[in-house]
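*Asks:* Residue numbers (the numbering used here), protein chains in the order written: chain A, 1 to 544; chain B, 1 to 544.
There may be inaccurate statements among the hints.
It does not matter which identical chain is used: a pair holds within one copy or between any two.
[Claimed, not checked] Capping the alpha-carbon separation at 30 Å, the derived lysine-lysine pairs in DSS-like fashion look like this:
id: 1; residue 1: K425; residue 2: K151
id: 2; residue 1: K427; residue 2: K293
id: 3; residue 1: K293; residue 2: K281
id: 4; residue 1: K293; residue 2: K151
id: 5; residue 1: K384; residue 2: K293
id: 6; residue 1: K114; residue 2: K151
id: 7; residue 1: K197; residue 2: K535
id: 8; residue 1: K114; residue 2: K427
id: 9; residue 1: K425; residue 2: K535
id: 10; residue 1: K224; residue 2: K427
id: 11; residue 1: K224; residue 2: K412
id: 12; residue 1: K534; residue 2: K114
id: 13; residue 1: K390; residue 2: K59
id: 14; residue 1: K534; residue 2: K390
id: 15; residue 1: K15; residue 2: K293
id: 16; residue 1: K281; residue 2: K412
Calculated from the structure, these hints are not laboratory results.
There are 2 protein chains.
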Amino acid sequence: HPVYKAPTGNTLHAKSWQTEAPLRMLLNNLDAEVAEIPEELVVYGGIGQAARNRESLEKIIEVLLELDEHHSLLVQSGKPVGVVRTHPEAPRVLIANSNLVPEWATWEHFDELKERGLMMYGQMTAGSWIYIGTQGILQGTYETFVSCGQKHFNSDLRHKLLVTGGLGGMGGAQPLAATMAGATFLGVDIDPTRIEKRLETRYIDKMTHSYEEAIQWVMEAKEKGEAVSVGLVGDIGDVLERLIQDNITPDVLTDQTSAHDPVNGYIPNGLSLEEAAKLRKENPEEYKALSLKSMARHVEFMLELQQRGSITFDYGNNLREFARQGGCENAFNFPGFTPAYIRPLFCEGKGPFRWAALSGDPEDIYVTDQALREAFPENTHLIKWLDEAKEKIAFQGLPSRICWLGMGEREKAGLIFNELVRTGKVKAPIVIGRDHLDCGSVASPNRETESMLDGSDAVSDWPLLNLMSNTAGGATWVSFHHGGGVGMGFSQHAGQVILADGTDRAEACIRRVLYNDPAMGIFRHADAGYDIAKKVGDDNDMLI
Amino acid sequence: HPVYKAPTGNTLHAKSWQTEAPLRMLLNNLDAEVAEIPEELVVYGGIGQAARNRESLEKIIEVLLELDEHHSLLVQSGKPVGVVRTHPEAPRVLIANSNLVPEWATWEHFDELKERGLMMYGQMTAGSWIYIGTQGILQGTYETFVSCGQKHFNSDLRHKLLVTGGLGGMGGAQPLAATMAGATFLGVDIDPTRIEKRLETRYIDKMTHSYEEAIQWVMEAKEKGEAVSVGLVGDIGDVLERLIQDNITPDVLTDQTSAHDPVNGYIPNGLSLEEAAKLRKENPEEYKALSLKSMARHVEFMLELQQRGSITFDYGNNLREFARQGGCENAFNFPGFTPAYIRPLFCEGKGPFRWAALSGDPEDIYVTDQALREAFPENTHLIKWLDEAKEKIAFQGLPSRICWLGMGEREKAGLIFNELVRTGKVKAPIVIGRDHLDCGSVASPNRETESMLDGSDAVSDWPLLNLMSNTAGGATWVSFHHGGGVGMGFSQHAGQVILADGTDRAEACIRRVLYNDPAMGIFRHADAGYDIAKKVGDDNDMLI
Ligand SMILES: NC(=O)c1ccc[n+]([C@@H]2O[C@H](COP(=O)([O-])OP(=O)(O)OC[C@H]3O[C@@H](n4cnc5c(N)ncnc54)[C@H](O)[C@@H]3O)[C@@H](O)[C@H]2O)c1
Ligand SMILES: NC(=O)c1ccc[n+]([C@@H]2O[C@H](COP(=O)([O-])OP(=O)(O)OC[C@H]3O[C@@H](n4cnc5c(N)ncnc54)[C@H](O)[C@@H]3O)[C@@H](O)[C@H]2O)c1
């Protein structure tokens with residue numbers, strides 16, 4: 001199979017940076033350093049793809065190479081389906097992935113359509129061409145663990161043991177985030193190759209197939225207050241059962257197995273990877289039933305450990321929902337991470353702001369890091385993060401950075417980056433995007449919009465307004481997805497990426513889009529009755 | 001309660017026509033001549049509203065009066081929730097109504113949110129401010145009946161009896177459409193005030209409470225080949241039962257009761273309007289159960305008449321689905337109107353193109369009528385329609401017109417209208433919009449996308465791409481709704497309205513939007529494998 005790599009440097013292959021940028025980011029999503037299974041066009045999150053198939057990918061590239069600034073490409077679940085008439089301040093690519101009319105919005109119907117070549121799963125940033133490898137999730141995970149430490153452990157995670165399942169594309173960020181936050185870490189994955197990948201990229205410190213060895217390592221480290229991370233090969237349910245038997249209670253307990261997809265993601269208890277692959281193919285219904293049962297068992301153990309004192313939360317993979325379906329009635333007795341740790345940030349318009357250097361030169365990212373340090377000297381949390389990130393994060397594919405910025409800050413940062421390009425301080429344009437998991441871009445009642453103050457968890461007018469605002473504001477590409485991290489039926493969300501190419505056009509678009517995007521978070525949370533959001537909105541004279 | 005009326009004439013109240021236009025069209029939607037229940041802000045389709053409540057309506061008006069061309073208003077289920085930064089070629093209003101994350105996309109959850117003031121039902125053109133009264137649906141209904149006549153009756157509906165239920169906001173177009181197409185018509189509605197309204201506007205010829213009288217009138221007219229329309233007060237199920245007993249088999253049989261909403265729409269068999277209103281309030285669950293049972297009974301009679309030879313089709317109210325839920329297993333044994341009669345039109349990019357004269361002067365519409373006659377001299381079907389419409393249609397609210405135009409034709413018509421404004425041939429700008437029921441703007445597996453050739457009925461990437469294309473192209477307002485004519489969970493669809501104010505900006509926007517909008521229909525149907533769409537796409541060099 002072909003090897004995908006984004007072009008680097010300052011030479012255009014497409015007609016302008018507006019089309020060169022999506023081209024490079026699409027290929028970067030499929031770079032073997034970035035994607036989990038590039039040969040299947042799978043970027044992350046189980047089956048999250050960047051394009052529907054080889055033919056579609058080639059066609060997208062072909063169209064992007066020819067597209068001018070008066071047209072936009074339409075991508076329907078990873079397939080290019082048309083070109084429409086637009087203008088230079090409109091997005092160059094319009095993307096809709098995995099969307100199904102609600103009554104048919106099930107894995108069963110989706111799989112049928114996928115089987116017939118009519119759909120692909122877009123996850124969040126996979127199908128919207130702004131996944132930047134495990135580091136992308138690192139900051140969010142780090143923010144969550146730090147926030148958890150602030151809330152429950154007096155801001156100090158030393159001598160604390162954090163246990164979790166799943167070390168895949170996103171879950172693989174957990175060990176490094178945990179050790180950066182000061183904790184001792186035990187992560188369990190049934191697939192050894194996933195843990196090996198984390199070893200290679202220095203996201204995890206040690207790996208073993210032996211439960212005893214893993215426990216010895218982590219208990220010793222916890223005792224000494226060492227921020228060490230250990231990856232253990234095994235079924236997470238089995239390992240939690242052992243912990244309970246051995247009377248070991250983690251201080252913090254969560255999970256990032258691919259529970260959102262009970263057929264193509266989660267591995268049922270008792271099956272080897274090979275057995276799972278076989279059963280999945282031969283009898284997906286039985287597979288699903290086993291999966292739900294295993295998740296129920298898995299969550300029962302989590303609830304028991306919560307009883308014993310573990311700070312337990314769901315990390316956005318919809319595990320509780322499927323455990324409930326599998327027979328665990330109290331599955332929702334522990335909270336999701338958003339209401340527990342993230343919503344206060346959302347109320348300030350904060351979210352996972354990220355950018356990539358199209359030059360391919362890491363130095364460009366260090367220049368942007370430095371510019372942010374100078375622009376936000378009072379933000380010590382940010383500066384600590386930028387320092388640690390520079391030291392500990394190995395870039396994958398195009399060099400990139402992520403940090404959570406709020407209302408006002410995103411626009412300011414975007415304008416700074418555009419100036420860096422204009423004045424030649426970086427070697428090529430920069431793209432600025434974000435995860436769909438943001439303050440005003442998603443409706444997901446088991447995750448980002450769980451337990452909203454006014455009960456509006458399921459109202460998905462908001463991500464649609466976000467899509468419209470960013471399209472009307474002039475993002476460089478926009479997307480709308482269904483499913484994502486929590487799976488079919490459970491979320492709808494919008495994405496955007498905007499180009500800083502140093503032009504006046506880019507400046508105008510940045511002023512609009514990087515205002516609108518966090519503003520949606522303020523509007524959404526103010527409308528739901530959150531005081532912080534109302535205050536930020538009032539302070540910025542934004543509310544009508 | 002206040003009386004709503006759109007301002008008319010050539011004087012601006014808002015800062016530009018770009019905001020004056022949505023303001024006038026919003027008020028026009030609520031004009032007592034147009035709306036079914038203006039005091040509840042209900043425009044049509046049972047509970048389809050233009051704004052969430054009085055307060056929201058006033059706030060929308062207030063913002064529109066002040067909004068400039070660098071900002072856009074966000075409307076979330078009829079409530080104004082923010083203003084974002086945009087530009088002169090972007091939509092001035094961005095609307096999302098009734099959207100729910102699929103797993104929660106039920107009437108039960110919606111009603112709960114509505115009860116708490118968090119939602120409203122947008123139907124299609126109610127919440128997107130381009131409903132133009134019963135005449136809006138007239139052309140679509142006429143096209144359907146004519147197409148049915150072509151297919152089954154050698155293009156001649158004289159001496160043919162058409163029977164249907166429901167003479168409400170949309171269903172009230174059926175009698176006039178039927179008689180314009182040459183048929184004899186019997187329509188049944190349980191609510192006499194609905195039939196009286198059709199008498200007043202001359203959409204129906206006669207009304208009675210007596211089954212015997214109605215039958216005498218229509219059998220006589222059918223015999224003589226007279227295109228007479230009769231409205232009978234009663235339950236449609238009861239009337240069909242009598243027809244079967246009396247051995248009267250309609251030639252054509254359909255239905256437009258508000259079956260899409262089993263609680264707030266359909267009246268269960270055996271209940272008076274008052275009893276229904278009481279039960280709905282006191283025990284909505286029992287109401288729903290009765291409704292589903294009544295619909296099952298209703299459809300059983302339709303199936304029996306189909307057996308006896310009636311050409312029977314579902315007219316887009318989701319009656320079959322709820323009848324199925326009510327216990328009628330074979331409910332889907334008769335087809336929906338789209339695959340039966342409308343899809344061939346969709347494959348040519350044809351759909352319900354409509355426009356309104358903001359001047360309020362009927363003469364402006366006659367000028368546009370004449371301009372179209374001259375622009376499309378070879379289209380005799382269109383010219384016949386324009387002639388009949390001028391003669392038979394009483395305007396409601398702002399004068400308006402509708403006709404189905406296809407790929408290329410819509411752009412041509414839009415540019416002509418913009419020229420008429422520029423050269424002062426009409427007295428004020430014109431707005432051009434459409435129903436959400438269009439070739440590339442809706443996913444609705446029981447209606448517009450029923451039985452797609454490739455099985456992609458439920459794929460809603462398409463209306464989302466339509467929304468993005470029209471937002472990026474520069475429509476004056478855009479909208480995305482869930483629910484609509486088939487109810488919660490069963491459809492997602494996009495709307496657009498574009499202003500022709502005689503400016504160069506409008507011309508540029510029209511060239512883009514009125515290309516993109518029908519192009520979506522070509523892309524969608526070509527991708528699904530329809531030869532006509534592929535041919536139109538190839539002929540216009542549109543496919544990639
Ligand atoms: N912030 C968030 O809300 C957030 C962030 C990241 C990921 N997620 C969610 O977390 C999940 C994981 O994402 P990902 O991209 O890492 O997926 P992935 O498919 O790349 O990785 C999942 C991993 O779980 C492992 N696994 C499956 N079943 C297991 C079992 N029974 N025991 C042990 N390991 C098992 C797999 O081997 C795999 O390595 C997804 O559901 C994703 O949506 C949520
Ligand atoms: N082209 C299309 O697909 C299309 C077009 C128009 C309307 N519709 C659908 O048709 C339905 C009607 O739309 P509307 O705007 O006229 O709704 P409406 O609520 O204004 O009118 C519905 C009418 O049905 C009557 N009714 C209800 N139950 C009855 C019963 N048991 N017997 C006799 N009459 C009964 C009501 O009294 C009312 O007058 C909706 O479901 C709408 O979505 C579809």
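*Asks:* Each hint needs a verdict: does it hold in this structure or not?
*Replies:* Hints, verified against the model:
no.	hint	in the structure
1	K425 / K151	neither (41 Å within a copy, 69 Å between copies)
2	K427 / K293	neither (53 Å within a copy, 70 Å between copies)
3	K293 / K281	within (19 Å within a copy, 41 Å between copies)
4	K293 / K151	neither (33 Å within a copy, 54 Å between copies)
5	K384 / K293	neither (43 Å within a copy, 65 Å between copies)
6	K114 / K151	neither (43 Å within a copy, 36 Å between copies)
7	K197 / K535	neither (44 Å within a copy, 50 Å between copies)
8	K114 / K427	neither (41 Å within a copy, 53 Å between copies)
9	K425 / K535	neither (37 Å within a copy, 51 Å between copies)
10	K224 / K427	neither (45 Å within a copy, 84 Å between copies)
11	K224 / K412	neither (43 Å within a copy, 77 Å between copies)
12	K534 / K114	between (43 Å within a copy, 23 Å between copies)
13	K390 / K59	neither (37 Å within a copy, 49 Å between copies)
14	K534 / K390	neither (35 Å within a copy, 53 Å between copies)
15	K15 / K293	neither (53 Å within a copy, 61 Å between copies)
16	K281 / K412	neither (50 Å within a copy, 53 Å between copies)
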